[in-house]
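Spelled out, the chains give:
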Amino acid sequence: MLGLPGAGLRVALFATCIADTLTPDTPKAVVTVLERLGCVVEFPPGQTCCGQIMTNTGYFDAAVASVRNHVRSFAGYDHIVAPSGSCVASVRDQHVMLARRTGDARLVEQASQTAARTLDFTEFLVDVLGVTDVGAYFPHRVTYHPSCHGARFLRLGDRPTRLLQAVEGLELVPLPAADQCCGFGGTFSIKIPDVSIAMATDKARHVVETGADFVVAGENSCLMNIGGVLHRDGAAVRTVHLAEVLAHTRADAA
Amino acid sequence: MSPNSAPAQRRTPAPPPGTWLGMPAFPKAAREQLQRAEQRQNLARATTHIRGKRAERAAEVADWEELRTAAAQIKTRVARHLDTYLVQAEEAMTAAGITVHWARDAAEANRIVGEIALAKGVDEVVKIKSMVTQEIDLNEHLESIGVAAWETDLAELIVQLGHDRPSHILVPAIHRNRREVREIFAEEMGRYGTPAPPTMTDDPEELAEAARAHLRAKFLRAEMAVSGANFLIAETGTVVIVESEGNGRMCLTLPETLVSVIGIEKILPTVADLEVFLTLLPRSSTGERMNPYTSLWTGVTPGDGPQDLHVVLLDNGRTDVLADPEGRAALRCIRCSACLNICPVYERVGGHAYGSPYPGPIGAILNPQLRGVASEVDQALPYASSLCGACNDVCPVRIPFTDILVHLRHKVVEHKTEHHPTAEQAAFSAIGWVMADGRNLAKAQLASRAGGAVLGDRWLGNRVIGRLPLPIAGRWLRARDVDAPPAQTFRAWWAARTPAAPPVDGSADAATEDRA
Ligand code: SF4
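Those sequence lines, one after another, are chains A and B.
Residue numbering for the first sequence follows my numbering, beginning at 1 and increasing consecutively.
Residue numbering for the second sequence follows my numbering, beginning at 1001 and increasing consecutively.
These are computed hints drawn from the structure, not numbers from a lab.
Warning: the hint list may mix true and false statements.
As the list claims (entries may be wrong) - Take a look, some chain B residues computed to stay more than 12 Å from chain A by CB distance:
(1) Pro1382
(2) Ala1436
(3) Arg1478
(4) Thr1498
What the hints assert, rightly or not - Rough simulated footprint, nothing fancy, chain A against chain B, three-plus residues with beta-carbon under 8 Å:
(5) 1336 to 1350
(6) 1385 to 1396
(7) 1479 to 1486
Note that beta-carbon positions come from the ideal geometry of N, C-alpha and C, so glycine has one too.
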C-alpha cells in the first residue's frame, strides 16, 4: 500500500441514509476507490442521516436527534467522507445551527468538529489525497450535472470535472444550463410537485440534447429525479453517480 | 380596499377582483400559472436575457464581491441603529423643509397620502414606480376617496391598463409580450386619456411612443406626485430615486406637491454610502453599468421643483422583521430583482403565484415576515423554493436566502403544530426516531423491504399516526419513475464483507463500535 496517495489513511465513510437504503452501489463504489488508493475505510455502524429532510422541512427538533447520533457515530475520525454534496452541506452548514438551538454547548462543540472534518468525496480525492486520476476506465460519452449543494454550498468548482476528465475512455460533453437546479429539492419535490416536475423535465431535456450515454452527478437524489423523468420519457440516457464512474476499471469492463 | 366605489364610478382601470392574500396558496397557484404556455415563454425569455446581462456587468467590476460585502455591512449597521438613523433622518428632512409623517401600517400611510391629496384639492396624482405603494395598495385607497392615481412607469402602465397585477419587482409586466401590450394599449388607453394611434403596431418604439403621448397629458396636468424611494440618507435627509425611463424625473419636477412613501429600512447613513449602492443596484437590476436617471433631492429648493414635499416613513411589519435575528437580513433588500431573475421557480411560475407584489425568493422570505405566518398564502411561501441557493449568489446585499427559508419553515411548523399535532409532524417525528440511531434505521430498512416503503406502518405500528401523508408517492410518480429498492442495503453488504460482522438489525452495535 505504500506509495499510494491514501496509504494507511483512516477514513470514515458516511454512506448517507438514502444511498445506504436505495443506492448502495454508490457507497460501495466509494469504498472501492478509496481502498484502491490505499485508504483504510471504516463504516461507523451507528450512522444514519444528516437530518436535512427534517431540517429543511422545518422539523428542527426531530433533526436534532440526527445531529446527536451523527456526532456520536463519527467522533474520533479525522476524515469523514460522503458521496453527497447536500448531506455534506447539511453537516457543515446546519448541524451547528441545530446544536445551538438546544443550548447544549458540548453538542455545539462536537458538531463544529464533525463539520470541519466532513468532506464531499471529490474534495477528499482532490484536496486531501491530491489525485484526479484514480485509475478508472469508463468508455462512454457522459455529461455532468453539478448539483446545487455541491456547486453553490460546497463550492466544489471543477473538482468533479477534473476527476471525470482523468477517466480513461471517458468523453465529457457540456450540459446546457448546467447550473440550473434539477427541481428535486427534498420535500419540494412533493410539496410543489408541478414546479419540481417542470424543472426536472427541462433538466432531462438538456441532458438528452447532449447526446450523452450517461448523466453523472455527485448526488443520488438529483439522479433519481432526473432519471425518473428520463425513464418515464423512454430516453436512453442512463444516470450514474460520479463515485461509480470512478470505481469502474478496465477489469470491470473485461 | 374600495368597498364603496362601484365599478361605474371608477376613475382608473380596476385591478382583478380579490386580494393578494385571497389568492390560492403557492402550490395551487403555481400549478395554474404553469399552464400558461405563452407566459412561460415570456418569462423564460426575459429572465434568461436579464440574468445574462447581470452576470456580464457584475464580472466587469473587479471588487464586486467586496462591494456586496460592504453593502451587506452598511445595511446591517443601519438595521442595528435604525432608531438613531430614523430620528437623524427626520431632523435633517424637517430642517430641509420636508414634512415628515410616520405610518405604523398600510392603512395609516394610505390615510396620510389621501389626506394630503384632499387638502390640496387634487383629484388625481401621477405616480413613480414604487414597490411600497403596491405593498400598501395605495392606488385603490386613493380611488376609493375619488382621487385617480396614474402609473407613469411603462411597465406599471401596462399592468394598470391591463387590469392586472405586477408580477416582477423591476418589470411588473414581465409576463406580457409585445403583442399583448399592443392589445392592452389599443383597447384601454382611450378610456383613460389620450388613445393609442390607430396605426400602432407591436414595435417597441411605437408602443413607447403611444405611452409617451398618453402620459404627457397627465404629467402636464398633474399637481401632485407620489413616489417611493430607493434610498433615504440619514445624514442629510436626501431622498434618492433611480430609474430608467425619465418618467420619474417628470413626476419629481413638474407637480407642486410630492409625497414619498418610504419604508423605514431604506435608510443609508451618509451620501458617501451611495458609492457602493449605485454601483451594485443598476448592474444587479437591469444589467446596466449605470441607470439613465438618478434623482437626489434634499428638501425644497425655492422656485425649482415641488414646493410642498412630504415623506411618509412606513413600518407595516418591518419592525417585526427587525425583531427576528435569523430573518432580519431580508430588510437589506434594495429591490434589484436579481433573485427573481435567477430563480428557477420564479422563471417557471412568474410573480402572481406568490400572493404579493414581492414575488420570487425575496417574496418568499419577506412576506411571511412582514405579514406573519397566519395565512395559508404566507405559510406556503417559505416552501416555494428548492433551496438551490442561486439567489444567495447574486443578491447584491448577500441575503442568506436559504438559511432564512429554512428558519421560516421552522416558524411555519411551530405555528401549525402549536395547538394540534399534524399528520406531517407525526411523519417527521417517526423519521426523526428512525434516524436517531443506526439500529432503528437498520430495522426500518428491513421492514421497508417487507412493506415496500421506508416508513411502512406495518413495522412502525402505532409510532405513526395513520400512514405517511400520501399521496406523496402519487405526486412523485405523476411524471417520474422510481427504481425498485435494491435487494441489499449498503449496511447489510458492509456487515457481510467485513469480519466479525454484526447482524444487520444492529443489535450487536456495541461490538461493532469496538471494531471501529
Ligand atoms: S433580495 Fe437581494 S437580489 Fe433580491 S431583490 Fe432584494 S437586493 Fe435584489
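Cross-check of the supplied hints:
1. Pro1382: violated, 8 Å
2. Ala1436: violated, 4 Å
3. Arg1478: violated, 6 Å
4. Thr1498: Thr1498 (chain B) not clear of chain A: closest Cβ-Cβ about 8 Å, inside 12 Å.
5. 1336 to 1350: holds (count 4)
6. 1385 to 1396: holds (count 8)
7. 1479 to 1486: holds (count 7)
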